[in-house]
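Asks: Next come the chains, spelled out residue by residue.
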Amino acid sequence: MGMTSIEKILASHSGQASVQPGDVVVVDVDTAVYFDFMRADVQRIADPDKLVLLHDHMVPAPTVQSANMAKQMREFVEKFGVKNYFPVGAHGISHVLVAQEGLALPGTILTNADSHTCSSGALNCLARGMGGSEMTYILCKGQTWFMVGPTTRVNLEGTLPERVYPRDIIHYIPGQYGDFAGRNLEWHGGGLAGISMDGRLTMATVSAELSAEFSLFPYDSVLEEYLAGRAKRPFEPVHPDPDAEYDQVIDIDLSALEPQVVRPGKVAWNSVGVGEVVGQRVDQAFIGSCANGRLSDFAIAAEIVQGRKVAYGTRFIVTPGSQTILKEAVRAGYVETLMEAGAVVTSSTCGACFGGHMGLLGDGEVCITASTRNFQGRMGSPTADVFMASPATVAASAVTGVITDPREL
Amino acid sequence: MSALTGRVWKFGHDINTDLIIPGFAILLPADEQPRHCFSANRPGWVDEVGAGDVLLAGRNFGVGSGRAIGDVFVALGISCVVAESFNGLGLRNCINAGLPSLPCAGVLESFDEGDVATVDWLSGQIRNDTQSRIVQGQPLPRALQEIVSAGGVEAALRAEGYLATP
Chain A
23 MGMTSIEKIL ASHSGQASVQ PGDVVVVDVD TAVYFDFMRA DVQRIADPDK LVLLHDHMVP
83 APTVQSANMA KQMREFVEKF GVKNYFPVGA HGISHVLVAQ EGLALPGTIL TNADSHTCSS
143 GALNCLARGM GGSEMTYILC KGQTWFMVGP TTRVNLEGTL PERVYPRDII HYIPGQYGDF
203 AGRNLEWHGG GLAGISMDGR LTMATVSAEL SAEFSLFPYD SVLEEYLAGR AKRPFEPVHP
263 DPDAEYDQVI DIDLSALEPQ VVRPGKVAWN SVGVGEVVGQ RVDQAFIGSC ANGRLSDFAI
323 AAEIVQGRKV AYGTRFIVTP GSQTILKEAV RAGYVETLME AGAVVTSSTC GACFGGHMGL
383 LGDGEVCITA STRNFQGRMG SPTADVFMAS PATVAASAVT GVITDPREL
Chain B
90 MSALTGRVWK FGHDINTDLI IPGFAILLPA DEQPRHCFSA NRPGWVDEVG AGDVLLAGRN
150 FGVGSGRAIG DVFVALGISC VVAESFNGLG LRNCINAGLP SLPCAGVLES FDEGDVATVD
210 WLSGQIRNDT QSRIVQGQPL PRALQEIVSA GGVEAALRAE GYLATP
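Residue numbers (our numbering), protein chains in the order written: chain A, 23 to 431; chain B, 90 to 255.
No wet-lab data here; the hints were simulated from the structure. Given the structure is predicted, the values throughout are model-derived calculations rather than measurements. Virtual Cβ for every residue (Gly too), placed ideally from N, Cα, C. Fair warning: there could be bad hints in the mix.
As the list claims (entries may be wrong) - Anything over 12 Å on all C-beta distances counts as not near chain A; from chain B, calculated: (1) 164; (2) 168; (3) 199; (4) 211; (5) 238.
Claimed, not checked - Computed beta-carbon distance windows for the label pairs: (6) A:65 / B:166: 27 to 33 Å; (7) B:131 / A:384: 18 to 24 Å; (8) B:220 / A:255: 54 to 60 Å; (9) A:264 / B:235: 36 to 42 Å; (10) B:253 / A:275: 53 to 59 Å; (11) B:231 / A:358: 58 to 64 Å.
Stated by the list, open to error - Short derived list, chain B residues pointing at chain A, Cβ under 10 Å: (12) 157; (13) 181; (14) 182; (15) 229; (16) 232; (17) 242; (18) 245.
Please work from the sequences and hints to get the whole structure.
Replies: What follows is the structure, encoded as structure tokens:
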């Protein structure tokens, strides 16, 4: 029986000829990413060269406690001789950084204690978020376990209409098909050729909200071009066998999609076309996070607010995914355009997305966001409501003060 | 002992990690986090839940972030989590904490809140002692049961000398 790409990576990393759904495998981890905190009680580690250490949730440190944690991480870097370390100034959100720096590579396994680690699936890299204690296990032993789940094949065909984006695709799917708990997603189809790496990274990131175990994109010319001159190590991409078995095949005609909004509270079975929620007042509009803090998101937001002003009574916050992206956005003039319109552009951090700092919501407030989650209390007050949409829909809503169809601005 | 008996608390579908450990609570010391569990959706629950209680939930339990949800449930005295289905990361974090966890389709309709359940988490058999009904869950693979039996991941690392003794 043939294997999917995901099954092939799990087999090669567990020393087996093949694996199938239902198996539990113990695998060697190629890259382990740690953010903000390192334990001080670790006595010995498996391999410092497989580690990537950085600061993202609590950067620059908003509290004394987080400043002390950052200090402890720097001590860890010194003690164990970690080479891949990104201090404040070279910082960025972990999933954005590992792609940008060529550290998440095709055919490899990458883990991280953040749930949006599946982001690196855009790079044909088998990546998954873990608990903190298993990241400690990987630090010490270099291995972890996975349950092999069934894989759903998603075929994308056609081209997205004007002002409809990859973010809308990844909102449409859970609206139609619910969650994928215990299952994997593999992306296929001719429509992929028209989806940039930024768009694929958005889709792979938001796959966490679909509860997918893994979300894997193929190695094609778009990815090959992205990795040229960027990949830090040699790699071997994987492709599925022609007779690989999928539990379900989902065909999507991209040309038929419209902008999607996920209503507050949960993601599965909760998306609607933007038309159903237009006119909803918003107190805050946010673009940022590992889902949509990339240069193309800045470009879209700048294009929409160009010559317009953020509505009175609404605040518009834009947070880049990395210091490098911020530099590029400054150079391209996007930051100036956003600031002229009245937006706040912050330093790179997970900040507002997890309700940590730099843009929390007050009681009863409403936010429209191109970040990762709409759960109750996620971005601040438990009585605030969070709608999720593409950066274009968010920017359009920022200038009108109500949820707005970006095609009609 | 693989059979755990306790009072049942019922929760719905898509119970997420922000409800279990709110964002502000992750900045607090670990021993202060449990008292904020479900404060948004079920205020006061942490004062009612007791040692040995069983948590029952719907589909997609534990969807969300990598927060150590298992540690919080263990600290609150929960002996076992049974859900119609688990988010993969949510399940991992229960296993990591040494918390017996069991997927079981149809479990929600087999219990009313406050019923007494006896859960044999190794075999997967779940009995409603109050209503005298039995449902069959899907036991974890043996390798994962062993992590739970060992008391979780950190206990195993400590036993092998990877972590300093506190």
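Asks: Each hint needs a verdict: does it hold in this structure or not?
Replies: Hint by hint, here is what the structure shows:
1. The claim that residue 164 (chain B) is not at the interface with chain A holds, since no C-beta of that chain comes within 12 Å of its own (minimum 14 Å).
2. The non-interface label for residue 168 (chain B) is consistent with chain A: the shortest C-beta to C-beta separation is roughly 20 Å, beyond 12 Å.
3. No Cβ of chain A approaches the Cβ of residue 199 (chain B) within 12 Å, the least distance being about 20 Å, so the stated non-interface status holds.
4. For residue 211 (chain B), the condition that its CB be more than 12 Å from all CB atoms of chain A holds, with the nearest at approximately 16 Å.
5. The Cβ of residue 238 (chain B) lies farther than 12 Å from every Cβ of chain A, with a closest approach of about 15 Å, so its non-interface assignment holds.
6. For residue 65 (chain A) paired with residue 166 (chain B), a C-beta distance near 32 Å keeps the hint of 27 to 33 Å intact.
7. For the hinted restraint 18 to 24 Å between residue 131 (chain B) and residue 384 (chain A), the CB-CB distance of approximately 22 Å keeps it satisfied.
8. At about 58 Å, the beta-carbon gap between residue 220 (chain B) and residue 255 (chain A) stays in the expected band of 54 to 60 Å.
9. In this structure the hint that residue 264 (chain A) and residue 235 (chain B) lie 36 to 42 Å apart at CB holds, the actual value being about 37 Å.
10. One distance hint, 53 to 59 Å for the beta-carbon pair residue 253 (chain B) and residue 275 (chain A), holds here, with the actual separation near 57 Å.
11. Hint check: residue 231 (chain B) to residue 358 (chain A), Cβ distance near 60 Å, so the stated range 58 to 64 Å holds.
12. Contact between residue 157 (chain B) and chain A, as hinted, is supported at the beta carbon level, the nearest pair being about 6 Å apart and thus within 10 Å.
13. The interface hint given for residue 181 (chain B) holds, since its Cβ lies 5 Å from the closest Cβ of chain A, which is under the 10 Å cut-off.
14. Proximity of residue 182 (chain B) to chain A holds as hinted, the smallest CB-CB distance being about 4 Å (cut-off 10 Å).
15. Here the hint on residue 229 (chain B) is kept, as its CB sits about 9 Å from the closest CB of chain A, short of 10 Å.
16. For residue 232 (chain B), the interface hint holds, since its Cβ comes within 10 Å of a Cβ in chain A; the closest pair sits about 5 Å apart.
17. Hint status for residue 242 (chain B): holds, given a least beta-carbon distance of 4 Å to chain A, under 10 Å.
18. This hint holds: residue 245 (chain B) has a C-beta 8 Å from the nearest C-beta of chain A, less than the 10 Å allowed.
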